[in-house]
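**Student:** Chains as they are written, first to last, in my numbering: chain A, 1 to 274; chain B, 1 to 308.
Here are the computed lysine-lysine pairs in the BS3-like style, where the Cα-Cα straight-line distance is at most 30 Å:
no., chain 1, residue 1, chain 2, residue 2
1, B, K22, A, K183
2, A, K102, B, K22
3, A, K262, B, K219
4, A, K136, B, K57
5, A, K164, A, K102
6, A, K49, B, K154
7, B, K57, B, K78
8, B, K57, A, K130
9, B, K117, A, K262
10, A, K262, B, K230
11, A, K130, B, K71
12, B, K22, A, K103
13, B, K219, A, K6
14, A, K262, B, K119
15, B, K119, A, K6
16, A, K262, B, K229
17, A, K183, A, K164
18, A, K6, B, K117
19, B, K119, A, K190
20, B, K230, A, K103
21, A, K190, A, K103
22, A, K190, A, K102
Keep in mind that the hints were calculated from the coordinates and are not lab data.
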Amino acid sequence: MSRRAKTLILQIVMTILVIIWIFPIVWVVSTSFKTTTEMFMDPLNLIPKEFTWDNYVRAWNLANFSKYLTNTIIYSVFSTIIVLFISSMSGYVLGRYDFPGKKLIFVAILATILMPSRYTFIPIFDLVRKMGLLNKLGGLILVSSGVNALYVMLFSGYFSTIPKSFEEAAIMEGATFPQIFLKIMLPLSKPVIGTVIIFHFVSCWNDFFFPLILTLGNPNARTLGVGLYAFYGEYTTDWTGLAAALVISMVPILIVFLMFQKYFMRVMAGGIKG
Amino acid sequence: MIRNILSYYERKNKVGAVRSRKNEYIWIYIFLTPALISLVLFGIWPMIATGYFSLFKWDGIGWPSDFIGLKNYVELLKDPYFWNAFKNTFFYAFFQTLIKLPIALVLAVVLSETLLKAKSVYRALFFLPVILPTAVVSLDFKLILNPFTGPANKLLTDLGIVNMPIDWFGMNLAMWTVIVVSTWQVTGRYMVYWLSGLQTVPRELYEAADMDGANAFQKFFYITLPSLKKFTMIIILLGFVYALRVFDYVKIMTDGGPAYQTDVVSTYIYRLAFESQATRLGYASAVAFFFAMVLLAIGITRTITNRG
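So here's chain A without its partners, still in its complex pose:
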């Protein structure tokens, strides 16, 4: 077989496979524009005969998805800001300075990777409740922005590669410790900042467990994931409305992914080497 024929066959096989692979995503988008009748009659047809926005209107207003979307954005943005703040500062000193207790702190932060936080949520729940933050977005933001070993390592690794000469000039001119960090080091670490923002934003957006247990008593604090779960429980038969709600919940994250796709996959691949 010639190279060209091989390429052609490979191309066709992979294209068919990839279409099957993403069918569940395409299908839900198509269903979200169908009328309920059409969805029942012809669930396989991917192009709606009668195109409708009604499902989105129902999900947006009736099922409160406007609120859930706002909550998710607020929570993801604030959590990302706090995480950046915590991990850049600690990564900076861990990557660039020697001080008593450094090893211990490093090991303790790394050990959090091994901690199965999914299973030790009762004290976290208890703590948030005692702080008076249960059923509030604040509690969720606080819990989700806990120290993350991967981010701290990314920052400390990056900062440790910057030559000493960068800050020496600044020290000569009398710059203080925080000034050096804010004006020289932080701007240099833009690639890491970008990575952490994308990674953390996506993981906040997609998290289900903590948003669920921390907002059990307050529907107004629900995020998209929890809202979807509640929607399914309350409007069990509104399939097309649910499809619209699903699309609302995934479109923002799809946009983020398409914008940073290569970057995202590269960083994820790096995760296994750590």
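We have chain A already, so just place chain B on it with the hints.
**Tutor:** This is chain B only, laid out in the frame that chain A set:
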């Protein structure tokens, strides 16, 4: 005289150095404070407190005070619901790992094939499900696999493969459905891992094989796989540990049903903590602590394998 002046400056510099050193340490610890607070509150405390709470009978109100020693653990050892959930969790993790890793590997190998054009487009599309919220994936499949209105059964009956609609979330099938759906979502992540592993295989080996006229299968079995031995161990343990954390898919798609057939440890703990008639946070903590220890043991094994 000159020597005196010099030593004066030397001393002064040293004092200055010590002072700036001290000053530096203060700043260093200030910079670490937010991370340390968060580490203690959300990293160390939950683990210790889970162990501590597990020694009490506690309904979650106030601070636990009814100390009962190891009674919760005695109950745990005899609790059929726990062992059922324990078994299901490992069943899920075992089969998910068994399915996702080979599929991901085949995808990675094909998607690094030099003959294939537009590789990055295929890679991105196979990766796509990874970035979707688990709630979206779970409910999307609840719609697709709905026994009466979903497209899956419609397709199968239209093609004449089955006469009766299949109840995908019914007895003896639900667990497999949960495994397959979750596999669909996570496979792209492992494809990316394998892709980075494949890059470590020396090009020359393939070139030499090409000279000897080896075909794709021979290259895969005689070069790729043996070169990735250590990497394979790492990825298996990683994939397995990830899978043991399962909660979202089960909670949303089956809530442990039917007849507890898909109940996993995390959903069991959730039920004890939030849904049982009397909240049993002490007992829930014992279940959580026990399982966390199991995970920790596997995690430590993983770290050692990673190094060795």
